[in-house]
Amino acid sequence: MSTEAIQARIKVGVTVLAMLESLKGGVVDGNPVGLEIDSRAVPYLKHVIVGFTDGPMASKVEAILSAQEPGHEKWRRFTLLRERPGLWKLSVFPTPFNNASAPLSPGIPPSASRAGMMA
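Numbered per our numbering, the sequence shown finishes at 374, counting up by one with no gaps.
Watch out, some of these pointers could steer you wrong.
In silico DSSO-like cross-links for lysine-lysine, where the CA-CA straight-line distance does not exceed 27 angstroms [what the hints assert, rightly or not]:
(1) K301 <-> K329
(2) K266 <-> K279
(3) K266 <-> K344
(4) K315 <-> K301
(5) K344 <-> K301
(6) K329 <-> K344
(7) K279 <-> K301
(8) K301 <-> K266
(9) K279 <-> K344
(10) K279 <-> K315
(11) K315 <-> K344
(12) K266 <-> K315
(13) K266 <-> K329
Pairwise CB distance ranges, derived in the manner of DEER restraints [said to hold, decoys possible]:
(14) D284 <-> E328: 35 to 45 angstroms
(15) L272 <-> G341: 14 to 24 angstroms
(16) V282 <-> H327: 31 to 41 angstroms
(17) P340 <-> P311: 24 to 34 angstroms
(18) G326 <-> G285: 17 to 27 angstroms
(19) D284 <-> E324: 25 to 35 angstroms
(20) K301 <-> S360: 21 to 31 angstroms
(21) M312 <-> R264: 32 to 42 angstroms
(22) D293 <-> S360: 16 to 26 angstroms
These are computed hints drawn from the structure, not numbers from a lab.
We treat Cβ as the ideally placed atom computed from N, Cα and C, and that holds for glycine.
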């Protein structure tokens, strides 16, 4: 249930920061939504979400986001992890990808992404 509730608040076309703001004050599974932001993600909060998917079933990952750096053809992978009931953590893979779809593909390092592929 929590994955669907969290993903319902993720919108394409808004910044990662705006997505986090939309989660604040919400309630999931009877718990208020608490957020923690990994310090490595802070410089990238103005990236614009271009796509997302759910995380692997056997993990704490609720969502994987692909977000574009404003004004550049670079995308980063963000993950929203459920640390415990009521607490989610935003993390980032800081190395940029060269296309929008690669950040959503598990196991693809940025060096392997192809510039011509688009979601």
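Each hint, compared with the structure:
For the proposed pair K301 and K329, the alpha carbon gap of about 13 angstroms is at most 27 angstroms, so the pair holds. Note on K266 and K279: the hinted pairing holds, with a Cα-Cα distance of about 15 angstroms set against a maximum of 27 angstroms. Pair hint K266 plus K344 holds up; C-alpha atoms about 18 angstroms apart against a cutoff of 27 angstroms. Note on K315 and K301: the hinted pairing holds, with a Cα-Cα distance of about 24 angstroms set against a maximum of 27 angstroms.
For the suggested pair K344 and K301, the alpha carbons sit about 17 angstroms apart, so the restraint of at most 27 angstroms is met. Between K329 and K344, the direct Cα distance comes to roughly 23 angstroms. Compliance with the 27 angstroms bound is thereby established for this hinted pair. Restraint check for K279 and K301: the C-alpha separation of about 17 angstroms stays at or below 27 angstroms, so the hint holds. Between K301 and K266, the direct Cα distance comes to roughly 14 angstroms. Compliance with the 27 angstroms bound is thereby established for this hinted pair.
Distance check on the hinted pair: K279 and K344 sit about 12 angstroms apart at the alpha-carbon level, within 27 angstroms; holds. For the hint pairing K279 with K315, the CA-to-CA distance comes to about 19 angstroms; that is within 27 angstroms, so the pair holds. Simply put, K315 and K344 have alpha-carbon atoms about 10 angstroms apart, close enough for the 27 angstroms limit, and the pair holds. For the given pair, K266 sits about 21 angstroms from K315 by alpha-carbon distance, which is consistent with the 27 angstroms threshold.
For the suggested pair K266 and K329, the alpha carbons sit about 19 angstroms apart, so the restraint of at most 27 angstroms is met. Hint check: D284 to E328, Cβ distance near 38 angstroms, so the stated range 35 to 45 angstroms holds. Taking 14 to 24 angstroms as the suggested C-beta distance range, the pair L272 and G341 conforms, at roughly 21 angstroms. For the pair V282 and H327, the supplied restraint of 31 to 41 angstroms holds, since their beta-carbon distance comes to about 36 angstroms.
P340 and P311 have their C-beta atoms about 19 angstroms apart, which leaves the hinted 24 to 34 angstroms range violated. Taken as a hint, the range 17 to 27 angstroms is violated for the pair G326 and G285, whose Cβ atoms sit roughly 41 angstroms apart. A hinted range of 25 to 35 angstroms for the beta carbons of D284 and E324 is consistent with their spacing of about 33 angstroms. Between K301 and S360 the beta carbons are some 24 angstroms apart, a value that agrees with the proposed interval 21 to 31 angstroms.
M312 and R264 have their C-beta atoms about 21 angstroms apart, which leaves the hinted 32 to 42 angstroms range violated. Hint check: D293 to S360, Cβ distance near 21 angstroms, so the stated range 16 to 26 angstroms holds.
Checked against the numbered hints listed earlier, the structure breaks hints 17, 18, 21; every other hint is satisfied.
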